[in-house]
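**Student:** One letter stands for each residue in the lines below.
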Amino acid sequence: MNERVDEFEFFLEKDWSDGFPVVTPTEERIARMLTGTKRNHDEVIGPIPPGMEIATVRNVAVHALMAGCRLEYLPVVLGATELMLRDEFNVNGVQGTMHGVAPMMIVNGPYAAEIGLHGGNGCLGPGFRANATIGRAIRLILMNLGAGIPGVSSMTIFGMPSRFTYCLTENVEDGPWESLSASKGYLPDDNVITMAMVESPRFCFDDVSDEPDRLLIGIADTMTSMGSWNMHARSDMVVAMGPQHAGICANAGWSRADVHRRLCELAGRKVRDLKGGGNWRRERALALPIDVDPDDDDCFVPTIKNPEDLQLIVAGGWGPCTAVCHGWSGGSRAVHGKYQV
Amino acid sequence: MCSVHDTVEFEKRGIPSTTIITEAFKKAADFQFRGKGMQGHPYVQLPHPVSNLQPGEIRELTLRFVDEVATHLKG
Chain A
1 MNERVDEFEF FLEKDWSDGF PVVTPTEERI ARMLTGTKRN HDEVIGPIPP GMEIATVRNV
61 AVHALMAGCR LEYLPVVLGA TELMLRDEFN VNGVQGTMHG VAPMMIVNGP YAAEIGLHGG
121 NGCLGPGFRA NATIGRAIRL ILMNLGAGIP GVSSMTIFGM PSRFTYCLTE NVEDGPWESL
181 SASKGYLPDD NVITMAMVES PRFCFDDVSD EPDRLLIGIA DTMTSMGSWN MHARSDMVVA
241 MGPQHAGICA NAGWSRADVH RRLCELAGRK VRDLKGGGNW RRERALALPI DVDPDDDDCF
301 VPTIKNPEDL QLIVAGGWGP CTAVCHGWSG GSRAVHGKYQ V
Chain B
342 MCSVHDTVEF EKRGIPSTTI ITEAFKKAAD FQFRGKGMQG HPYVQLPHPV SNLQPGEIRE
402 LTLRFVDEVA THLKG
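If you read the protein sequences in the order shown, they are chains A and B. The opening residue of the first sequence carries number 1 in the numbering used here; numbering runs sequentially from there. The opening residue of the second sequence carries number 342 in the numbering used here; numbering runs sequentially from there.
Treat the hints with caution; some may be incorrect.
To be verified - Here chain B is said to cover these stretches of chain A; the calculated rule only asks that three of the stretch's residues, wherever they fall, bring their Cβ under 8 Å from a Cβ of chain B:
{"hint": "1", "stretch": "38-52"}
{"hint": "2", "stretch": "243-250"}
Said to hold, decoys possible - Computed from the model, here is a short list of chain A residues facing chain B with C-beta under 8 Å:
{"hint": "3", "residue": "N92"}
{"hint": "4", "residue": "M155"}
{"hint": "5", "residue": "G159"}
The hints are simulated quantities; they were obtained by calculation from the structure and are not laboratory data. We put the beta carbon where it would ideally sit given N, CA and C, even for glycine.
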């Protein structure tokens with residue numbers, strides 16, 4: 001690097017960052033980062049839409065480095081890059097949309113714990129290098145290889161704080177149930193990533209309920225909103241119950257599946273409530289993949305149109321709170337799969 | 342911008358196709374056509390927004406632009 005060039009300013013001036021300084025990817029640092037994977041450095045992962053630059057093991061490692069990852073995080077970044085290119089996830093659509101959803105990464109399995117991914121107190125906020133930098137690496141890949149840059153190809157109205165990073169693991173230590181990946185049929189020792197295109201979380205604080213029925217009514221209410229696409233299209237959602245809320249259910253004998261089923265039943269609004277504002281359109285209601293009669297005011301419109309679209313996890317620290325992340329309208333289905341360590 | 346992607350895929354298969362966007366998506370459409378190797382491919386640009394129009398207004402908009410759509414499809 002030329003002495004007259006400030007390396008931090010260099011990357012910011014070229015729009016090669018998310019607005020924060022990046023770690024300068026020198027050849028020496030890149031070589032060290034690449035020791036974090038056994039994969040061939042030239043292996044092609046795929047084109048990142050809409051820019052369609054080809055992600056390879058090597059340039060994914062460059063972005064992991066720029067984001068501040070330790071080399072041990074590289075397998076997770078590679079796994080997530082591969083996973084998010086599945087057709088059903090529709091990264092292409094999200095890169096251009098006016099909405100602001102971001103790919104939330106839920107990383108399960110022993111490797112997540114080994115590298116220090118955090119699922120407890122403050123897990124969706126600052127302070128945890130693995131969470132902060134793995135998610136940031138994915139964002140840098142979406143911007144630098146995919147050109148998902150606001151005003152260039154991204155028409156997002158606001159963006160979202162979660163577009164800087166959106167990565168966590170579950171709080172399996174304090175949670176009462178099997179992990180999300182185990183609920184999908186993976187083995188406890190499998191290293192699995194689940195990704196869902198969702199908004200930043202909104203909270204359901206409830207320090208009053210002491211039994212599941214009342215508790216889940218409040219959480220289900222947080223899952224509905226006139227302006228949420230979940231009410232007007234088939235749309236994914238992540239509900240992250242704090243261990244305290246999950247414990248209330250588990251102590252009453254409710255399994256993860258019981259809570260999941262009950263939330264799918266409870267969350268929703270009647271046509272009468274929906275049609276007064278927000279995104280309600282009769283045509284949209286008729287286009288839903290479930291039977292909804294838009295002319296029947298008493299017809300119940302469930303938030304979750306297909307139970308597979310609700311990812312229920314346990315995360316966060318102790319306290320009476322559940323985080324609810326609403327989804328996108330444009331047709332993105334959550335994806336999950338094992339990654340190579 | 343799935344519509345640009347679909348147009349490109351149809352055109353690659355020799356099936357004439359066009360993209361209909363609202364003007365708010367112009368930059369994204371231009372970028373995507375360029376990125377997918379079809380810079381300058383014609384598309385139809387509607388005023389923004391359209392999602393709040395009533396059925397009669399949609400019909401009127403359709404009639405205003407249908408000839409342009411047909412022209413693009415004829416190549």
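**Student:** Give me the numbers of the hints this structure contradicts, sorted from smallest to largest.
**Tutor:** 2, 5
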